[in-house]
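J.: Per the numbering used here, the sequence shown starts with residue 5, numbered consecutively.
Treat the hints as calculated values from the structure; they're not laboratory data.
Keep in mind that the hints are not guaranteed to be accurate.
[Said to hold, decoys possible] Cross-link-like lysine-lysine pairs, in silico, DSS-like; alpha carbons within 30 Å at most: (1) Lys-76 <-> Lys-103; (2) Lys-672 <-> Lys-579; (3) Lys-333 <-> Lys-369; (4) Lys-571 <-> Lys-672; (5) Lys-262 <-> Lys-231; (6) Lys-400 <-> Lys-369; (7) Lys-579 <-> Lys-628; (8) Lys-672 <-> Lys-547; (9) Lys-594 <-> Lys-547.
Note that the structure is a prediction, hence the values are computed from the model and not measured.
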Amino acid sequence: MTEKPTYEELEQRVKELEKENTALKRVDEALQLNEEKFRSALMDLPIMINAVDQNSIIVFWNKKCEEITGYKAAEMIGNPNAMELLYLDREYLETELEKWAAQNYQLKNAELILNAKDGSAKTVLWTNTDFLTPEWIWAVGVDITARKGAEEALQNNQATLAKAQKIAHIGNWNWDIVANRILWSDELYRIIGLSPQEFDAHYESYLKCIHPDDLEFFKNLTERVLKEKKPYSAEYRIVRSNNDIRIVHEIGEVTVDKNGNPINLFGTVQDITDSKQTAEALRESEEKLSRAIKMESLGLLAGGVAHDLNNVLSGIVSYPELILPDLPKASKLRKPIETMQESGHRAAAIVHDLLTVARGVATSKEPLNLNDLIDDYLHSPEFSRLKQFHPTITVKTNLDTDLFNISGSHLHVRKVVMNLVSNASEAIEGRGNVIISTMNRYVDRPLRGYDYVDIGEYAHLSVSDDGSGISSDDLERIFEPFYTKKVMGRSGTGLGLAVVWNVMQDHQGYIDVNSDENGTTFEVYFPITRDEISDKDLSIPIKDYKGNGETILVVDDVESQREITCKMLDTLDYKTKAVSSGEEAVEYLKEHTIDLILLDMIMVPGINGRETYERVIKIHPNQKAIIVSGFAETNEVKEAQKLGAGRYIKKPITLEAIGLAIKEELEK
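Please work from the sequences and hints to get the whole structure.
T.: Take a look at the structure:
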């Protein structure tokens, strides 16, 4: 049996318990003091700290929470609606609470967007932690709103930059020279035509993208830039993965270390292919327009000269045609008159060239074959004279036997052949070769040369020589009228290539020229036709186009022209009446009727042929007429024909030309 403690023992035990109780009180007081100090410290920490109890009621809310949210501790602690104040979007709050519960009420760097009292949104990074009261859930938060804004701004800037680069076709790159690593922007990948997976980001890899002809230039550029360490700008070509060639403009600058050694190269690359092509097309258009304006101006001058010369030549060409049939074969005058007639025809041919340069000369087109025209020229008196001038030159041909036909004027296209061969022969000093070639050619993409050759099917003619070539300065002017480097008096007037250029314009064709120190090649492109060539009689007996005593009114302001024309019409068995102006013709026809008017188009002073005919048909609505002029087929001629006038005949006129035209018109 246990003995009962004595009084003294009990007293002693009481004293010990009192001491322990006192110690516990001191510990408790110390703990309370420490907890208060700790809570006070938590209140002043520069981060957000709060706590909720088991019912999700806020029980702690430090000053940083107050600062960030705008809500005081008194408004939040114990407030059952505190969460609704912080998260106005109830759906968002419920979603986040479900996530929190699923994670056993543990958060680690969780981004939550809460609503501050002033209505602003705050992004806070929350993490749970254990503190003094284990039954509470403590959380530490960091306001990252500014950082998120900066990140979004950076992302927006990057997106804007990427969009701007895409629009401008500008990409940027950064080459770490020490590590030999290159960083490319997305647009640069697009420019090069590679994906990030296809590029291993080394300098050597980029070299593979450079056009082979520009590779040495690019290597030398890089070497110079790294040596001089100065900003630079350069243009070169790249070859995309699909073999498409692009032109790029690169700008860059070097970064050096403290010892002056290059450590980084940064720059931009812009795809300027389209702008280059646009600029080139604009330049070509401007050159073509300038060339056309110059040719038109010179052509107008040439046309005016041609008009006057044709009037003068009419007597030289037409009178021999009237005199020779009545002249005895043994007459001493026959040879001089024939020589005069031949000279007149040669002069008329030169005037015809002037009219061709003036453009708008009346030309009827029919199916032709270039091979036939070439063969015709090579067996002509003109070619024989050319060989006499150049006995050491050999003319060779390489003709496509299946060459397509073209639609053109026999006279004018033949002149193209003749002038190109003559020009090639003149370009050779001493012995040499001229090669005439033809072929069918399909142009599947526009060709850029002296002319812009459009897509289509062409009969292609080229004339090449092995002379010394044409200088770049001369190339700019070779198609201008009267521009020549030939020996004047022996070969031509400076109209040959101008005629070629204008004939090609009138035939909707194209011309190109290439020249170097080894010779020159002229190429012309005629659009093809599927029409067949028809057989034609080369000469027509005069009896087939003589008249039957019909009356013809000759209207011309030049007296000599009226006299010659009337004599020719008399020879063709027509009756004639001549007047010197359009006004006089109108007055005459008010009182008389005639079968046909032979109407000069240009009469000075007074009304022209078109206006004359317009007044005449008000008097005689079905009046037949033929237009004659020493100039070209102008819009006024075409307007007169729309009113009912017949064919157009150019001066100087011949018996056959005027006879056939009148016969055709009278038989309508």
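J.: Which of the listed hints are broken here?
T.: 3 and 9
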